[in-house]
Structures are given as C-alpha cells and as structure tokens.
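Chains H and G supply the protein sequences, listed in that same order.
Each residue of the first sequence is one higher than the one before, counting from 1 in UniProt numbering.
Each residue of the second sequence is one higher than the one before, counting from 1 in UniProt numbering.
Keep in mind that the hints are not guaranteed to be accurate.
[What the hints assert, rightly or not] For lysine-lysine, the following DSBU-like pairs were computed, each having C-alpha atoms within a straight-line distance of at most 30 angstroms:
hint: 1; chain 1: G; residue 1: K104; chain 2: H; residue 2: K106
hint: 2; chain 1: H; residue 1: K158; chain 2: G; residue 2: K79
hint: 3; chain 1: G; residue 1: K50; chain 2: H; residue 2: K186
hint: 4; chain 1: H; residue 1: K20; chain 2: G; residue 2: K185
Read the hints as simulated data drawn from the structure, not as lab findings.
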Amino acid sequence: AAMSKKGLKLLVDSLTRSAKHFNKNEVECLVNLFDTLVARSSSQFAGAGFDRTVFRDTLHNAFGMTDDVVLDRVFSTFDRGNNGCITVVEWVEGLAVLLRGTLEEKMKYCFAVYDLNGDGYISREEMFQMLKNSLLIQPADEEPDEGVKDLVDLVLKKMASTYLFILFLLQDYDHDGKLSFADFEKAVREEKLLLEVFGPCLPDIK
Amino acid sequence: IFSKASSSVEDVGESSSETEEDEQPVRRQEGGTDLSPEYWGIQKLAKYVKGGDPTATLIALCSMRDLNLSQEACQLAIKDTGCLEVLINLLDTEEIKCQTGSLKILKEISQNVLIRHAIADLGGLEIMVKILDSPDSDLKCLAAETIANVARFKRARKTVRQHGGIKRLVELLESISVGSSFQAKDTETARCGALALWSCSKSIKNKKAICKAGGIPLLARWLKCSHTNILIPIVGTLQECASEPSYRLAIRTEGMIEDLVKNLSSEHEELQMHCASAIFKCAEDEETRDLVRKHEGLQPLSVLLDNSENKQLLAAVTGAIWKCAISRENVLKFQEYKTVEALVTLLTDQPEEVLINVIGALGECCQEQENRGTIRRCGGIAPMVKLLSATNRALLVNVNRAVGGCAMEPENMAVIDSLDGVRLLWSLLKNPNPDVQASAAWALCPCVENAKNSGEMVRSFVGGLELIVNLLKSKDKEVLTSVCAAIANIAKDQENLAVMTDHGVVPLLSKLANTNNNKLRRHLAEAIAHCCMWGSNRVAFGEAKAVAPLARYLKAKDPLVHRATALALYQLSEDPNNCVIMHENGVVKLLLAMVGSTDDALQEAAAGCIANIRRLALATEKAKYG
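The shape of chain G in the complex, shown without the other chains (with noise of 0.2 angstroms):
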C-alpha cells in the first residue's frame, strides 16, 4: 500500500509520530461512462466562476454550496471538471469576497483526500499560506481551516512549512486582546490557527518550527482558555508535539501540567483524551510525574477507568496511568483510589492498544508488594498469563513485565505454575525480537526463585536449559543481561547447573567476561559465582580467561558489580591458578578496601577471597622454602 518513492533527505525530517496517508491516494471506481449529475451541474456553475465577473462569480459559487459538498461525488466532480483549478485560481485574486466563497466550498470539499492532493498539486497551499496575511479575518480563518484539511498528508505539511506557514499561523494565536479575557473573535481566529498547527505538527521538522516561531508560550496561554472549541486543537497539538523533548520541558516549566490535569475533568470526551494523551507523553520524566501528582492528577485518571466505552478516551487514560505508575508515590496514591482493581478488570475485552497500556500500569503497580497481592485477589493473574500467547511485541514486554512482577510473591507463583505461565515464559525465548526475549528472561527470574520443587520445574520444559543456555551468544546487550540474571538464579539447582555446564555455559559467559557495560558486569558476575559450583567450573573459568576481566570490575563506581564480583572472585579463588591470576592483577589491594563495606555480603565474600589468596600464598612460600 505504501509506495515509497526514492527519500531524500529532507523527508527523513518530516516522518511522523502517527501513521496517516503517505500513499498517493487511488480512486475507488474507474469506470462507467456517465458521467454523474453532480458533474453537469458543476460545469455549468463552473462556467459561470471562469466566464463572469465577480457578481457573477459569488451567484455561482454561492449556489455552489447548495449542492451536497459532503457527498463524494461532488467533490470528484468539482475535480474533474476542472472547477478545483478555478477556485484554487481565485483564492490569488485580491477580491475578498470572492476568496472567501472559494475557501467556504475549498473548506468544505479538503476533507476527501484526493481533493486535498489535488489542491496540494495546484498550489493550493503556497496561496493560502499567504492570504494568512490578509487583514480580513474571517478570510484568515477559512485559510486556515483549510490548511487544516489539506495538510493531513506529508508533503502537504512540507510545503506549508516551505512557504512560511508555520510562523504565520502561530501569529494567528498571537490574536489576544488587551486584558486576560478571550474575545469570541480572537477565540476564533486562534481556534483556527490551533487547528492548522494541529494538522501540520505530525511532522517533526513542523514541531521544531512552531517552537522555533515562538509557538509555545502561547499555545500555553490558550490552555487557561476555558472554551472547549480552542482547548481541543491546542491540546491536540501539545501531545501532539509532546514525542519531542524540548515540548516536555516546556510544558512542565510553563505550568501547563496544572491545566492538562484540570482539563481531565472537563465534560468533553475529545479533549479528555487529548490531556491525558498529553500526560501519557509527558510522564516519561520524573519531575512531570511528581507534577501530576501535586495537582492531583492521579485520581480524575483513575476515575477515567470507569469509562470503558470510549476506547481512544481509554487508550489514552491508561497509557497515563502507566506512566505515571512509574513512580512510587504515584503508586501509592493509586492504592487509594483502588486504580489496580479498576484495571484488573481491564484485562479482558479490550483492544491491544488498551491492553498494552494496563498491563505496563499492572507491571509498574507490582513494585508495591500490595498490589501483588491485589491483583491475585481480583483474579488478575489468569488473563495475564493468557495474554502471554499474544503476538504484539509491545505487549508481551508489559506482559513479561508484569507477570515478573507478580512472581515476586510466592502465592502469585503458585497460581502462575498452575496455569502453565512458566513455560509460556519461556518459550518466549524463542521469540525472534531481542526485546521480548530479554523481558523474558528478567521475568523468569523471580520465577525461579519463587517456584515450589523450581529445580524440576525448569528441567521440565524440553529443551529449556540449552534453549537459556544459547542465548548467551546473542547480540543484544539487554538479553545478554536478563539472561545471565536468570541463569544465576537457576544455577542454584545443582542438577540444572549440570546440564548447562554440558551446553557450554561456561565458555560463554566467559566471553562476555571483557564488558564495560556495569548492568552486564554485575549480572554475568553473579552467574559466574554461581556457576562455580559444579564440577570443574572454577578451573574451567580460569582457563577460559574470565579471571583478569573480573578483577576489573572492581574499578568500576557501582556498589552492586562490587559485590557480585567479589562473590564470583571469591568462588574462583578456591582454585589455587585462579589466585594466581587474581594476585597478578592486583585483586587484593582493591578487596582490601571493601572488607570495611556496611555491605555483609561484600564484606563477607571480599574477606573470604583474601583469605584464599593468602593461604596460596603462604602455602607456595612453604613450597619454595621446604
């Protein structure tokens, strides 16, 4: 469907955040030689706007508005007759009246999209680019209403940026009267322009020259307008434009969080679920979240759940809550409006785009150990696990995600292994997408640890350990370290730890050994130290060169690759050569430092390592010297 034709540079800019109509649009029937009454009709009105003069020209174009300009038809016909190119050819005169009788049908016919091809194709846009100049409003208005229709395609909303458009639209919001109170006629013309800027801000270069025109400040100062009419398509370009960074920061320091939130209570579905779109957007950061939190965001969206019919509306209030779930306060603000029961019942009957966004709220609510338990109460934890099947990437991260999250409660774990959850897990392992695969991965962790009888558990699924066990050569820096927390976890089952000793798992965590990546380092450390223990691990680690890699590790800044390592050198130090290896490298000087940590198992570990090297050491002395 998408015909791609050769993109230059230029266009690389203008991709946007939503899929809408890149394809040269087709016409649904060819054919036919009658040509439809609407045809015949228009000509003859036609022949009046080309032949007459401008009396004559608003008689027709007047009575052209009576004709169905809604019904396709017309609009083809006012096309094909050649009509288009008249009314585009007048909007150039400087005949007010007769601009505006040609933008009220222009208006009208822009909302088929071959029209608005068409009118992109005749120039149509570059025109009324500039009759946003013109003193008269009402024309200015329908321009930019027009604008609004047109630029529903890419290129469209290249050119419009290409002609000045963008600066000359946000002057359309500069049109505030002296004094705080919004003037109907200034409300309009703003409205207007917030309507083409909606339309032009899908592409990316357009958000960065409305901000670059000054857009932002004033699109803030509308937010406090209280008319619903403006409020839509200046909310409607603000989340529009919220995928950029810059709008984000913008929108939490000019106090605009305050009025998106007042907004949620509004009674207009439409602009609910442009604020909440907003906040969904913005709560990626930290100090938004906190924000929506002191305006008392959090339970107007909790509220919102109730609202199940409205599935955009829905779409958009979950996907807020998810992130705004991030934080713990958040969390336990939640807890008091009961939002995790509200969204257990969401689990069931609902398009994936809602789905997606009440298992991430799901996945986030599980940090607090209550909710763990809310969920199992409400019977949350079955269509969880059946959504495990599913096939949107997107979703089987949150899935992954949440189940993870409920399996940190034993009870939750006994509910999941009923219902065959575990597997399911695992075998998306095999999964062809990295992200899923490392989610995965994370959330069997819990699992095994909080599985009853876990060890046989895992030699149940066919083929699992080796399945674990090859991930390790994969690209990906994520699964790479999912995979290693897991496998530390399951290593702590001696029969298992066997069978991946047999599939190789100790040359392959020993390659990985050389990372700088300190979320890597801490997890493939602590499978190292677990893996030492079966059989000749320990040697096998040490001729497979993991040793000096690790002693690295203890240069690093973070306080958990400490301590994972120690307990892995501390493993490998029951082998005498891995000493060795570990005195060379200048181990002892850097554990020493960490035998005073508050950290017992650090400490412990650090401590006991020592002692190792040092018993080599002294039995090595007594060696040479008899």
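Chain H with its partners taken away, still in its complex shape (with noise of 0.2 angstroms):
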C-alpha cells in the first residue's frame, strides 16, 4: 500500500534512529528498495513485506551469499516477527547490522544465525550441520565424518574450554559440549578471525 509523504518521512525518521548505523538518504533509498520487492513478492502478506524467497534472492545478488542453509538462516534473525515476512523495520534493522554492526551487533547476529534450534546455544550437532561440508578433500581411510567431527572438536577445545572444563569437573559426560553465547563472545573477543568461524554470514566486503 502507497504511503503518504507524511507516513513515509515519519518513518524515515523512526527507522534512522533505531538502526543507529544509516542516515536518513540512506534510509530512504532502503525503503525504496523494501518497496520494489515487496511488489515483487507474492501478495499473500498483502503488502506488508516480502517472503523468504525474494529475500535469498535479494542477498544473494547483493552479496554474493550463496549457503543456503545460511540463508535461511539469516532470514530467520531478520524475521524476529517470527512469520515468515519481512517487514520494513525488520529489513531496515536487519541490514543496519549486517553493513555496519559494532562488533558486539555482529556477535549477536552471528551467534544467533549459528544457533540452529534458537535455544540459546551452539550444540555439536548443529556445528557437524554447519561444518558438513566444508572438507573437500576426505582421506580415502578414514570415516567420511570423522573428519568433520574432528574439526567441530577442534572448536570447541579452541571456544567452549571453560564449559568443557567444568563438565569435566563435574563428571558430567553426558553433555555433549556446546557454546554459550558468553563462550562466542569471549573467544571472538579474543580472536576476530572466528566471528564467522562457522561459516561466512556477513557479506563480503571487497
């Protein structure tokens, strides 16, 4: 639905402040944006933002962002509405941290994009998920996974060491081992380099 010229400056303004990163031409040309892909998109959310679909599209001309699983994966920080639209703050807030999150924005986002099942932590299973794929080269006499297993190991003796340390002082070996976001966080504060250490979610800045 068209906006008025009142509703869309209102807006503008609105979404400025709480996206904190863009200013308002800025803004405007997102909303612009938002506007041609909402048309775009089918009409089942009567306007009120697009879907999953033109969302992967979006971002991966934009970005080049190619993993699916990633994909939905940001879709589904975008969504926080949790219903499968987009809404113009949503997109507008979204993008704000993906273009130019602090580094604490861009833990967040990043952790919460790893965090398959939402519930807080980063479990072993949704590391092998995400880390499946990424030896391209498997030894002829080994296991297929067991080197994926060994590298999700690797991470968390490199991230979780602490949580692993008091399970192993608790005895607690039923755990499987998984990451806090207080784990993420402490050891991206740590070392940069594993902010996207399970695979690359933020667009490519070249």
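Work from the hints to combine the two standalone chains into their complex.
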C-alpha cells in the first residue's frame, strides 16, 4: 500500500534512530528498495513485507551469499516477528547490523544465525550440520564424517574450553559440549577471525 | 662458520654494517626416529588447511595458534610436515581472513632462523610484499611485522628490495592523518612499517633505497611522535642508516638532532640506547657535534654514564660522548658535568665495546690540560697503562692516544713511567697492525719529551732504537709520519742519535724525502733537522740526496711545513756542499719571503740558512779571485 509523504518521513526518521548506522538518505533508499521487493513478492502478506524466497535472492545478488542453510538462518534472524515475512523495520534494522554493525551487534547476529534451533546454545550437532560440507578432500582411509567430527572438536576445544573444563569437573560426560553466547563472545573478542567460524554469514565487503 | 658462496658484484652492496646470520643455518639435532607430538598435531591441522574450505581452514589456523608456536619443536614441525608451504600458499589467495590467519602464525614462527630461511626459499617474501598493497590495514601490519622477522639475513633483504618492498614499506609510514595528532591506527601501521624497514636497513643498498623512496622526511616526522613503541623502530632505523653520509646530513638538516637529544631522557632504555647510537654515528660531523651541544644533549649523555648495568646502553652512550668530545667546546661542557671523573670509573670491569669508547673519550678530553690532571687525580692512569697489554686493535689505538694525551703533563709522565708504560708503548711498535704502530709512535712523542731522564729511559729498551728506525721502512704513511715525529724527539739526546745513526737513520729518512704529503713532510723535515746534530750526518744527508726534495717543500702552502723545512735547511746549510745544492734549487728566494714571518722559529731559521749560503758564496768568490 502506498504511503503518504508524511508517513514516509515519519518512518524514515524513526528508522534512522532505531537502526543507528544509516543516515536519512540511506534509510530512504532502503525503504524504496523494500517497496520494490514487496512488489516482487507474492501478495499473501498484503504488502506488509516480502517472503523468504525474495529475501534469499536479494542477498544472493547483492552480497554473493550462496549457502542456502546460512541464508535460511539469516532470514530467521531478520524475521523477528517469526511470521515468514520481513517488514520494513526488520529489513532496515537487520541490514544495519549486517552492513555496519558494531562488533557486539555482529557477535549477537552471528550467534543467532549459528544457533540453528534458537535455544541459546550452539550444540555439537548444530556445528556438525554447518561444517559437514567444509572438508573438500576426505582422506580415503577415514570414515567420511570423522574429519568433520574432528573439526567440531577443535572448535569446542578452542571456544568452549572453560565450559568443557567445568563439565570435566562435574564429571558430567553426558553433555555433548556446546557453546553459549558468553563462550562465543569471549572467544571472538580474543580472536576476531572466529566471528564467522561456522561459515560466512556477513557480506564480503571487497 | 661463515660459508661464503661465490659472491657476485651484487652481493657487495648487500654487506651489512653489523655481523649477522650469513651462514646457512644448521639444524641442531638430527636423528631420533620418533617424531614429536607437535609433529602429529600439526600434521592433523595441516590436513584441514589443505583439504578444507576457508571455514575449515580458519578453524585449523586458529587452533594452530593455541600450540606453543614459540617452541622450536613446534616451529620445525610446521616446516617438516609441509605445513609451511600450505601457509605460504594461503597468502597467495584473495581470502583476507585466511591470509590474516596464516600471517599470524608465520609472524610467530619466523622468529626461528631455520623457518625464516625456509620462508624465503619458498617465495614467501614476494607474496608478503604484494600483501602490503592490500586495503586491509590489519593485514598490512601483519605482513610488515613478518617481513621484519624474515629479513634478518642478507638474501631476504635483497629479495624484499628486488620486489619493490622498500617502496611499499616506506608508504606505510605515510599513514599520517591530517593534522599533527598521531592516530592510534596510523601509528600502528607506521610502527609495523618501521619495524620492517629497520630489519631491511641493515643492507647498504636498502639504506639507499629507503632514501630514494622518500623515507627520510617521513622518519623525521615520526621522530616527533611521543609513543615509545613506534619511536624505537624509527630511531633504530635512523641509527642503522646513520653509517651513510647522506643520512647524517639529513639528520642534521631536518632538525632530528633535537628529537634524538630529547629522547635521551626517555624512560625506556632501549630508546635511549638507539638515540645514543645515532648520535655516536652522526657526531663524526662537526656541525652535528655543535648541534648536540646547542640542544643540551651533553648533560643527559653524561648522566647516562651512571647506568652501568645495561652494557649495550653504556656502549652507545660512551660512544656518543667520545665523538662529541672531538670538539673542544664540548669537552669544556663535559668538564662542568664531571664527565671525566665518571669515565675514569668505567676503565675497569667493562666489556671491550664499552672500554674502547671510554678510552676514546678520555683521549679526546686530554686536549684540555685540566682533564689530564683530573685523570691522574682520579687514579685513571694505572688502568689505562694496564690496557696497553690488550689485544683488541681498536682498543689499543684509543689507549695509545689517551696515554699519549696524558703524557703531555710531566706529573702524569712520572706515573706512566713508574708503571712501565713507555716500555709497553714501545713494544706496541712491534704490533703487526699499522694503526696500532702509528698511534703508539705518536704517543711516544710526548713521552720522550716529558719523561725524566728521557734519554736513559729510551736506551733502556733493548733493541728499541733499532726497532723504531726500522719502521721507516713501513709502507704506511701514518706510521712513517708518526715515527718521524718520534725520531725528531728521540734525536734530541746525543747518545741516542748516535745509536740511530748507526742503525742507518740518515739514508732511511732521506729515502722518504720525495713525498707530497704535507703532514709527512713536516715531521720528516723536523726529524732531519734534529738528526743533523751528530757527526757527519749533515754531509750524509746531502750525499743521500735529501736536500733538493726538501727545497721543494718550501713551495707548499702549509706554514708548519715551512717552519720545519727551514729548520732542516738551516742545519743542513752548515755543510758547504748542501749550500750549493740549496742555491741551485732556488732556496734563497723562497727563504727570503719567510724572513719576514711572524713565526719566530721560522724567521730565525730562514735567516740563519740564508746567512750560511751567503757566507759560502762569498768564500767561493774569494777563492776564485784570490
């Protein structure tokens, strides 16, 4: 639905404040882009937003993000209302983090992407899921999944070491080992390269 | 240890101003069939780097950094498993994160000499130089820091230069934001660039390349910064390059002396040391010595002598003081700060590199009479004389100079003599090195002049006179000059002159007469003048054809030469045959011009000589005409 000029201005002002990292011109461009995307989308949301497919195509074309699993997760983080539809607010605020987020914002974003089931932890299975295609060359004499399992162990050892140590103290070996946000944050602060440890989910600004 | 492969012309320019690892590094222990646990760990990680996508690669690289990379076993494992090649190949990709992860590891392990040779062999340097073009400043910093480590040997430094590395490293110094405030990020980039330049600057060709790339004004600019962590590599680079005259000139003219002096008062000893080193090298030039004084640098230098724990710092400071003391005004200033007293305390229990400079400084300070007394009162003469038994050439040259300086005071001379100092100096005439011989001979001049019972003393050195006369056969100009000066002094004693005559001093001196070197001419003429005073030496000099060349000396521009020559000619003119030769060589006209000189000795000698020649002429006339 078309918006009045005044309505647009109010929207842009409000979004500029909430998204923090864009100026008014930039927000206005993004809003206009949003409108085109909505037009492209199926009409089931009656113009309130666009759907997953459009979102994935857009990110793919704009940022070269190709991994479907990741794109799905990104969609989920944008879709805070969790209704399969990206509204203009979710759109602008989401992009603000993606393109210009502070380290804190990016850490929260990445963690949310990697936390596949949204339970606040990145579990061993989730890690396996994300890394299973990362080994291009598997040595012939090994079980195909052994390499990936090793890789997962490496990550846990690197990032969740305190947690594992506590498990060891508690003699609680049933726990698979998982990463809390606190673990993730601490590890990334020490080594920034670990921000996208389970796969690229931020646009590559070359 | 140093295995020199056939060195090409190119290699000459690579010669460094300091000794460093030229040799092919050898592994310390081979053998042991058990591969270390580090080996297996790294091999496993290398597998992921080789066979994984960038995500897996990064995980492996980050895990690798948890291993103890400063441990040699680990470092060698990275090389032996072929992981090093993989790391270098990663550098060649466009994946900034992978390049970063790889460089973080390479930076650490390149502290190992074997690893850095391997990195260079694998072509890693060229790639790192390319990375210096990257827009990512963290990546550039890592590349520069790694280059700094790898470039610790000649071939690596050459490679960096040949691939345009020097220019790019200098560009890192350009990262100065608008305005004079030094932003943290720019400072970090510049610091890394400076570290790399510091390593690279050990090669002469690189010093020149840095200059050509416009590095000097940038170094000057950063010298004004107050962050120690960048100042150290900046000053380190400057002092390394200060062996080149072009740099010394720039340091002087671009106002860097002021900054160097300022940083002498830093809290960081390493920074103080580099500043002192730079001043040490630059103070070869008189204008710099004046600038150091003008910017009040002499006092902080003197104060630093109190820190005798840090030997490297002490060596640099004493070196700076030594060279600054070449200028008399600086010596006077040092007197205010009681520097001489402090230096004397450093004559014992110090490493050679410190001693050389301390003694050099004291030698310069002896220019001032007051200091000669100070040295004696502080008990400095005994340790000095003891050092005459050293073996280090540079040390001996300085010691000789200092002892000679002290010997100008008769009171000092007594102490030197009592400690057998003159005999020790005399035996240094046997030293194979001409610099040592010459400096010993120079020192003997005041000794012979000021010692009590000098003639007897000289005679007491068995074979001493023969030794010194034979040095007239040396090929070294400085040796010849100094020996002539010594002989001129020794010849004042009749007995000794007789002995020297027996040893052939006359023909030997005469053989030297044909020289254009004014310093030699002067002392030679003095020697001849004094050696005339025995037996038939005057005649002998004439027969040995010494007179005509001497006549030519009068045409020189040096007044000291004139005076010495006039003295010699006056003595020689007591013999009629010599007068004839002098007359034939136009001596009269030249001497006439000097009769009006303000130099009394010259005046007298010239007049006396002319009188003798005239007398002979008259006598000849008389004989002719009855």
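Hint-by-hint comparison with the structure:
Under the criterion of a C-alpha separation no larger than 30 angstroms, the hint pairing K104 (chain G) with K106 (chain H) is consistent with the structure, at around 23 angstroms. Restraint check for K158 (chain H) and K79 (chain G): satisfied, since their Cα atoms lie roughly 23 angstroms apart, inside the 30 angstroms limit. Between the alpha carbons of K50 (chain G) and K186 (chain H) the distance comes to roughly 28 angstroms, so the proposed pair stays at or under 30 angstroms and holds. Taking the CA atoms of K20 (chain H) and K185 (chain G), the gap is near 24 angstroms; set against the 30 angstroms cutoff, the hint holds.
Hint compliance for this structure: every hint is met.
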